[in-house]
Amino acid sequence: MDRRGIKWSKEETILAFDLYCKMSFGKISSTNKEIIELATLLERSPGSVALKMHNLAHFDPELQKRNVTAMAHGSKLDKEVWGEFSNDWEELSFQARKILARKKEEAVEGILADAEIQTLPEGKAKDQIVRNRIGQHFFRMAVLNSYDNRCCITGLAIPDLLIASHIKPWKDSDSKTERTNPMNGLSLNALHDKAFDKGLISITTDYRVIISSALKHSLKGNNMEDWLLEFAGKKLKCQVNLLLISVF
1 MDRRGIKWSK EETILAFDLY CKMSFGKISS TNKEIIELAT LLERSPGSVA
51 LKMHNLAHFD PELQKRNVTA MAHGSKLDKE VWGEFSNDWE ELSFQARKIL
101 ARKKEEAVEG ILADAEIQTL PEGKAKDQIV RNRIGQHFFR MAVLNSYDNR
151 CCITGLAIPD LLIASHIKPW KDSDSKTERT NPMNGLSLNA LHDKAFDKGL
201 ISITTDYRVI ISSALKHSLK GNNMEDWLLE FAGKKLKCQV NLLLISVF
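Per my numbering, residue 1 is the first one in the sequence shown, and the count goes up by one each step.
No lab work stands behind these hints: they were computed from the structure.
Note that beta-carbon positions come from the ideal geometry of N, C-alpha and C, so glycine has one too.
A portion of the hints provided could be inaccurate.
[Unchecked claim] Here are the simulated distance ranges between beta carbons:
1. Ser45 <-> Asp172: 31 to 37 Å
2. Ala232 <-> Leu41: 44 to 50 Å
3. Lys194 <-> Glu84: 49 to 55 Å
4. Glu230 <-> Glu84: 43 to 49 Å
5. Lys65 <-> Ser213: 41 to 47 Å
6. Lys234 <-> Asn149: 49 to 55 Å
7. Leu41 <-> Ser175: 26 to 32 Å
8. Lys234 <-> Gly199: 14 to 20 Å
9. Lys65 <-> Lys235: 14 to 20 Å
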């Protein structure tokens, strides 16, 4: 069924917003594979889904800071969905996943490759674990896509070797505004992720890599020198708006 001309529902708009948050603005196009997949599920045209995402972009303060031009107008519903979920990323990812699961006639936790979850008894404990894992899945997808599936320091483009690192640690982050907020993430390869987590490397407010003096000293003459010291003082290969910057 072709649903062109039929008003967008709140559930459809939530799905479009969820996808918007997992995709860089420049990739919003009717030819994008993920947009085509969502359009097929919603029985709408890819152009319609792309347009809806551009409408949502009208309310994005980060685009406004960068003077990026989106659609001139968003609907009342677009504004409502943006206002409800833009500061509660975990709830957005969970509600979007519930909608998708219902439309695809599968379990909410079906997206998670975690056999342990399947063995948990139904109840609040399982629901909270599933909600947290879905939020983590959303965070990884959003962060890696924001950096074009590359390590933002080295440019390594092997997703299986990349980690969505929290700038502000998960345990210290606000569950609504920071834990699953893509702006609180860096796409790093496993080595640089560990170094960042241990405070051996960091990023300045102008997006340059800094290396701790302790690490510089221990790496002199070491064959790991090229993997770490080579990037000292250099700007990130991929830059997005970051929520917080960790500095020495």
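Right, here's what the structure says about each hint:
Taken as a hint, the range 31 to 37 Å is violated for the pair Ser45 and Asp172, whose Cβ atoms sit roughly 43 Å apart. Range check, Ala232 to Leu41: Cβ separation about 46 Å, and the 44 to 50 Å hint holds. For Lys194 and Glu84, the hinted distance range of 49 to 55 Å is not satisfied, since their beta carbons lie about 36 Å from each other. Separated by about 45 Å at the C-beta atoms, Glu230 and Glu84 satisfy the suggested range of 43 to 49 Å.
Evaluation of the 41 to 47 Å hint for Lys65 and Ser213 yields a failure: the beta carbon distance comes to about 34 Å. Checked against the given bound of 49 to 55 Å, the beta carbons of Lys234 and Asn149, roughly 20 Å apart, lie outside it. Checking the proposed 26 to 32 Å range against Leu41 and Ser175 shows it holds: the Cβ atoms sit about 29 Å from each other. For Lys234 and Gly199, the hinted distance range of 14 to 20 Å is satisfied, since their beta carbons lie about 19 Å from each other.
The given range of 14 to 20 Å is respected by Lys65 and Lys235, whose C-beta atoms sit roughly 19 Å from each other.
Taken one by one, the earlier hints fail for this structure at numbers 1, 3, 5, 6, listed in ascending order.
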